[in-house]
Amino acid sequence: GQNIDQPTEMTATEGAIVQINCTYQTSGFNGLFWYQQHAGEAPTFLSYNVLDGLEEKGRFSSFLSRSKGYSYLLLKELQMKDSASYLCAVREHNQGGKLIFGQGTELSVKP
Amino acid sequence: KAGVTQTPRYLIKTRGQQVTLSCSPISGHRSVSWYQQTPGQGLQFLFEYFSETQRNKGNFPGRFSGRQFSNSRSEMNVSTLELGDSALYLCASSWGQGGTEAFFGQGTRLTVV
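Line order of the protein sequences matches chains D and Y.
Per my numbering, the first sequence starts with residue -17, numbered consecutively.
Per my numbering, the second sequence starts with residue 984, numbered consecutively.
Don't read these hints as lab results, they were simulated from the structure.
Keep in mind the model is a prediction, meaning the values are calculated, not measured.
Beta carbons are placed, not taken as given, at the ideal position from N, Cα and C, and that holds for glycine.
Just to be clear, a hint being listed does not mean it is correct.
[Said to hold, decoys possible] A partial selection of chain D residues facing chain Y, derived with a Cβ cut-off under 7 Å:
hint	residue
1	Ala24
2	Phe27
3	Tyr30
4	Gly78
5	Gly79
6	Gln85
[What the hints assert, rightly or not] Per the computed footprint, the stretches of chain Y lying under chain D, defined by three or more beta-carbons under 8 Å from a beta-carbon of chain D, are:
hint	segment
7	1029 to 1038
8	1070 to 1078
9	1083 to 1096
Go ahead and model the full structure; you've got the sequences and the hints to work with.
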């Protein structure tokens, strides 16, 4: 079966760097997605990793290690607007576009 | 380029009724997936449609069904509504089943009373 774990909550300071971890167990890995979701809004696509390594996109970076079943999302130069829920989702082989989501990490950015 | 459009945005229904939700994917995208989001269960996969065919189905009862039209627009239907069906229903659009991006619509907030 599938299992995706993320911390439930994190707090960080404006201007700082925060790393949100995600560990997963799947039958056949075929990609990992990160989404940002503000309260009452739809999830917004942030990044996609399928090969090991770091993908950088502006202030956001995402890392994947397939052998460890591990990913992290790195947010730099935190801004108040980064306060949101961050969702890790995994796609498996032979499952088409189906995504299995973790419960999300609620990030609070304090001044 | 227009994003994923879901209608209606909000809906209130009574138990036992049925409801139909609509999703128009990004132009050129052929895969539409539906998810249910609740505070307790998070985001859970309902089903996926590609080229008018259901390609995958989650663990939901048969009261939940869907379809996709030739223009890739998709609808999902929930019959005999229960209080527990109250949730945010989201659809995700991607170019293909193995796409590197999947974009969500704003969702339909369904409240069953």
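Each hint tested on the structure:
Proximity of Ala24(D) to chain Y holds as hinted, the smallest CB-CB distance being about 4 Å (cut-off 7 Å). A least Cβ separation of about 6 Å between Phe27(D) and chain Y falls short of the 7 Å threshold, and the interface hint therefore holds. Of the supplied interface hints, the one on Tyr30(D) holds, with its beta-carbon coming within about 5 Å of a beta-carbon of chain Y, less than 7 Å. Annotation: interface hint on Gly78(D) holds; nearest CB of chain Y at approximately 4 Å, less than 7 Å.
Hint on Gly79(D) holds. Least Cβ distance to chain Y is approximately 5 Å, under the 7 Å limit. Interface hint status for Gln85(D): upheld, as the beta-carbon distance to the closest one in chain Y is roughly 5 Å, under 7 Å. For the segment 1029 to 1038 of chain Y, the stated coverage by chain D holds: 3 residues have a C-beta nearer than 8 Å to a C-beta of that chain, and at least 3 were required. Look at the segment 1070 to 1078 of chain Y against chain D: 3 of its residues bring a Cβ nearer than 8 Å to a Cβ of that chain, three or more, so the hint holds.
Look at the segment 1083 to 1096 of chain Y against chain D: 8 of its residues bring a Cβ nearer than 8 Å to a Cβ of that chain, three or more, so the hint holds.
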